[in-house]
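Engineer: Could you put the whole structure together from the sequences, leaning on the hints where they help?
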Amino acid sequence: MKNRNALIGFVIVSIVTTLAIAAPWIAPYDPATTSIRLFEGPSAEHWLGTDQLGRDIFSRILFGARVSLIIGAGSAVVAGIIGVPIGLAAGYLGRTVDMMAMQFINLFIALPGLVLALIIITMTGATMLNIVLVLGFVAWPGVARLARGQTFAIRESVYVEAARAVGGGTAWIIIRHIWPNIFRLVAVQLATVVAFAIFTSSSLSFLGLGVPPPTADWGGMVRSGVDYLSVNPYMSLAPGFSVAITIFGFYMLGYREE
Amino acid sequence: MSSEMAPLLQVEGLRKWFDITRGVFGRKVGQVKAVDDVSFTVRSREVLGLAGESGSGKTTIGRSVLRLVEPSAGRVVFDGTDVTSLNTADLRRFRRRMQIIFQDPLAALNPQMTIEEVLSEPLIVQGIGRSDADRRNRAVELLDSVSLSSDYLKRRPGEMSGGQRQRIVIARALAVNPEFIVADEPVSALDVSIQAQIIALLIELKGRLGLSMLFISHDLAAMEYISDRIAVLYLGRVMEIGPSSEVCGNFKHPYTEMLISAVPQPEPGYQRKIFPAGEIPSAASPPSGCVFRTRCSYARPECAQIVPQLRKVAEDHYTACIRDDLSLSRVLL
Amino acid sequence: MARNSLLEVENVSVSFKSAQGPIRAVRDVSFRINPGEIVALVGESGSGKSTTGLATMQLIPSATVSGRICLTRKDGTKADLVSLSESDIRRVRGNEVAMIFQEPMSSLDPVFTIGTQMCEAARVHQRLSYRQAYAASIKALEAVGMPDPEKCMETYQHKLSGGMRQRVMIAMALSSKPSLLIADEPTTALDVTIQAQIVEYLKRIQKQTGMAILFITHNLGLVAEIADRAIVMYAGEIVESGSVSELFTRPRMPYTSGLLKSLPRLGRKKTLGTPIEPIPGSLPSPLALPSGCKFHPRCGHFVAGVCDTAVPELESSDQAHQVRCARWRDIARTAQ
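Residue numbers (this note's numbering), protein chains in the order written: chain A, 1342 to 1599; chain B, 5 to 337; chain C, 920 to 1255.
Heads up, a few of these hints could be off.
Said to hold, decoys possible - In silico DSSO-like pairs for lysine-lysine, Cα to Cα no more than 30 Å straight-line:
1. C:K1096 x C:K1122
2. C:K1078 x B:K32
3. C:K1058 x B:K277
4. B:K277 x C:K1122
5. B:K277 x C:K1126
6. C:K993 x C:K936
7. C:K1070 x C:K1122
8. B:K210 x C:K1180
9. C:K1070 x C:K1126
10. C:K1122 x C:K1058
11. C:K997 x C:K1126
12. C:K1058 x B:K32
13. C:K1058 x C:K1126
14. B:K277 x B:K316
15. C:K1096 x C:K1058
16. C:K1058 x C:K993
17. B:K277 x C:K1180
18. B:K210 x B:K158
19. C:K1096 x C:K1078
20. C:K1078 x C:K1058
21. C:K1078 x C:K1122
Said to hold, decoys possible - Some but not every residue of chain B turned toward chain A, in silico, with C-beta under 7 Å:
22. R99
23. I104
24. F106
25. A111
26. Q130
27. G131
28. I132
29. S135
30. A137
Calculated from the structure, these hints are not laboratory results.
Don't be surprised by glycine CBs; every beta carbon is placed ideally from N, CA and C.
Structural biologist: Here it is, written out as structure tokens:
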């Protein structure tokens, strides 16, 4: 079952990633170029119609995928960089380190991610870098907690004791035994961080705290389309669906049976 | 006494107490005395068996000797060096001299690693061998010493049988050319027909490489076979220690009598003369005086008062029982 | 002449589906158990001994069982367990055939006291009042050597040691007075002193009740201690069977004699100087069984063209002694 879910996720994520990378070549129009053909419905020239400035929605979706994926992947990298070492240290060293790390992790998990991100972005300003840093910062405790639990289990294994018995130090054991064994699970957890980041960044954009225009991003597109829902619903529906399918893909990729 | 007679390993007053904690702040509510004042020696090229039921502390002793668990008190002196006081770097170097073989070979091998990686690990960690080729040659040599072909280098533990895995675990322990090996129940997870192979291999290696060994087991028959001397443990204490033929055939401690009479004999018509009574009490609240007295059919009131010390009953043979008037049954055929 | 047997297992095969094709874990196994007899089923991992025991009671839902398993019921009628309906087989399992296993933990419910579970079982199966059920449970616990039965009734399974849990399981299994007890490695997880106690109590109860026991084990010492007759299995087949005294003193099958020679024995090293002789090689994988005799790659008496071509028949070497070896006559002759 797990494999089928992961396969579905993998297929969706691969398609979205390919489209995002290939956007400059396959997009029929420049995403920022305006025209006088406003609010058009889907047609042969404009597959998903045009928006209030006459820009091609399909092209903007393709370029918007890049923004979403960069934010998602960037946040996952940040979450991993903070979360994995803390999780490894807490799980392997145990005792006081573990107790302190866990209190810290639980404190962060208790904070509502979107609200925290909202406050920090409001304070620091909405740039791509800020968004990535903030979302990564909000998401690391989950990664740390998973890494800690897995590390803890493997630290107790007989083969780690065997490595200690031949003289393996902490660094050796973590690099040679623990990391290779927890790597997969951490990667899977990071896929859900990508989904979380795309979801949250879209929400921020919708609230007006997204990547500044004219960059095409899905959350912002949904927001600007809301005012014209009766005129051209595709303006909101197309990016909304894109967000949904991408998040679904990453969650499936990161689906774990407990 | 000549220098040849000096013991290779000397364990003195070894204790391992685990705290029992409760509540959020880890309030200490008691102690489990897993190992309590254990002393013994292992001579060069000698195999000392540690016998006992679960809860006897035999595994903890093996781990403490190697400092895989930190002893609470006592000294472990190996060839003149106090292992208990070594710092991290010195301890790492020292691990070349003392190695361990585990009970469950599947658990003792990282499932992700190939056999070549498994056998190279000690070499890399200890800085033995200059190149991958050096290490591969050594790995082939090690496989050969446990009667496996070099075909196994690229395999993973999951693709091997239990007996083959245990050979790999033994080969890994031999990689650093140790003088001393703790064998912790090395055959009890294996099938009957494989157990004898591993015991024969250990005896062969011991003779060929001049190894000394601490052979930990609950199987007294296998232990008598491989060991020169046997120490019988109960609730973290030594009950009896002596030459293996003496301990198994001319035992002086009531617990040894009980343990040996419990071993099922593959002889039709064998009748057990002693019926083992009771169960091992919790190490968190051991009986006063002699810890075995609650199960002992020879116990007297004074056994609750006096903690018996090991006393000599014959050359090299000691028992921790205050009664010297016992004639224990000879259960052997 | 022969008494009416209690259990007749005839040509039973058990196979499992696997990704690499069907695994025939037990092949063409036939044996019988007489009332009041203790029969040991001996083998190593992969021998099919536990599978045979479980399949007898139709306890492996994922397996295909063929053959005939005929049980003489308490009322004297005979029933083929292979073709019995699920509800009928459940009645047999509760009342006529009881089972105990290596790991008693999983069979006890952690949220109820031992007493609640024992009384409940006694009330359902034997329609006793609570007071009667309580008294019966206390008696059953005493019979298996439980030191303080009243206290045990009030505790939970995790408070008990492994030996105590196994005693509870035996007491519960025997409460319905079964005519057959299938014991699947019941003492393997226990210390030798506790094992000796449990075996002693089993023997004692067997003498009192006259039930039959199928004792499944890998431990040859236990076989000698408890059983009247033993069946040796290797790689899914019976390779030898006979009375324990015959089997241990005059084994015919090289596997059996190899096992006996590979066993270290207390007191033997010094007195007789007998070295242990390991059986070479490893156990065959059920997915890649050797041709002919399944033991031939490890056998010292192997002759090419004889042992690796046809699977030898299980022949009678004596009355009540059967052996599956193409060369047992030659081997017996040279041994003399």
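Engineer: It remains to establish, for every hint, whether it holds in the given structure.
Structural biologist: Hints, verified against the model:
The suggested pairing of K1096 (chain C) with K1122 (chain C) holds, with an alpha-carbon distance near 15 Å, which does not exceed 30 Å. Simply put, K1078 (chain C) and K32 (chain B) have alpha-carbon atoms about 21 Å apart, close enough for the 30 Å limit, and the pair holds. Distance restraint check for K1058 (chain C) and K277 (chain B): the Cα-Cα separation of roughly 27 Å lies within the 30 Å cut-off, and the hinted pair is therefore satisfied. Taking the CA atoms of K277 (chain B) and K1122 (chain C), the gap is about 15 Å. The hint holds against a cut of 30 Å.
Between K277 (chain B) and K1126 (chain C) the alpha-carbon distance is near 19 Å, which keeps this suggested pair within the 30 Å criterion. Only pairs whose Cα atoms come within 30 Å are accepted, and K993 (chain C) paired with K936 (chain C) is rejected, the gap being roughly 35 Å. This hinted pair checks out: K1070 (chain C) and K1122 (chain C) have alpha carbons roughly 25 Å apart, not beyond 30 Å. Between K210 (chain B) and K1180 (chain C) the CA atoms are separated by roughly 22 Å; this keeps the pair inside 30 Å, and the hint holds.
Among the hinted pairs, K1070 (chain C) with K1126 (chain C) is consistent with the structure: their alpha-carbon atoms are about 28 Å apart, no more than 30 Å. Taken as a hint, the K1122 (chain C) and K1058 (chain C) pair is honoured in the structure, with Cα atoms around 17 Å apart against an allowance of 30 Å. About 24 Å separates the Cα atoms of K997 (chain C) and K1126 (chain C), which keeps this hinted pair within 30 Å; it holds. Distance hint between K1058 (chain C) and K32 (chain B) is unfulfilled; the C-alpha atoms sit about 40 Å from each other, more than 30 Å.
Between K1058 (chain C) and K1126 (chain C), the direct Cα distance comes to roughly 17 Å. Compliance with the 30 Å bound is thereby established for this hinted pair. At roughly 26 Å between alpha-carbon atoms, K277 (chain B) and K316 (chain B) fall within 30 Å of each other, so this suggested pair holds. Only pairs whose Cα atoms come within 30 Å are accepted, and K1096 (chain C) paired with K1058 (chain C) is accepted, the gap being roughly 13 Å. Under the criterion of a C-alpha separation no larger than 30 Å, the hint pairing K1058 (chain C) with K993 (chain C) is consistent with the structure, at around 23 Å.
With a C-alpha separation of about 25 Å, the suggested pair K277 (chain B) and K1180 (chain C) falls inside the 30 Å cut-off, and the hint holds. Using a Cα cut-off of 30 Å, the hinted pair K210 (chain B) and K158 (chain B) holds, with the two alpha carbons roughly 28 Å apart. Among the hinted pairs, K1096 (chain C) with K1078 (chain C) is consistent with the structure: their alpha-carbon atoms are about 27 Å apart, no more than 30 Å. Pair hint K1078 (chain C) plus K1058 (chain C) holds up; C-alpha atoms about 21 Å apart against a cutoff of 30 Å.
Distance hint between K1078 (chain C) and K1122 (chain C) is fulfilled; the C-alpha atoms sit about 27 Å from each other, no more than 30 Å. Interface hint status for R99 (chain B): upheld, as the beta-carbon distance to the closest one in chain A is roughly 4 Å, under 7 Å. The interface hint given for I104 (chain B) holds, since its Cβ lies 5 Å from the closest Cβ of chain A, which is under the 7 Å cut-off. Taking 7 Å as the C-beta cut-off, the interface hint given for F106 (chain B) holds, the closest approach to chain A being about 5 Å.
The criterion of a C-beta within 7 Å of any C-beta in chain A is met by A111 (chain B), whose closest approach is roughly 4 Å, and the hint holds. The beta carbon of Q130 (chain B) is positioned within 7 Å of a beta carbon in chain A (closest approach about 6 Å), and the interface hint is therefore held. The interface hint given for G131 (chain B) is broken, as the beta carbon of that residue sits about 9 Å from the closest beta carbon of chain A, more than 7 Å. Because the smallest distance between the Cβ of I132 (chain B) and any Cβ of chain A comes to about 10 Å, over 7 Å, the interface hint for this residue is violated.
The closest approach between the C-beta of S135 (chain B) and any C-beta of chain A is roughly 18 Å, which is over the 7 Å cut-off, so the hint fails. The interface hint given for A137 (chain B) is violated, since its Cβ lies 20 Å from the closest Cβ of chain A, which is over the 7 Å cut-off.
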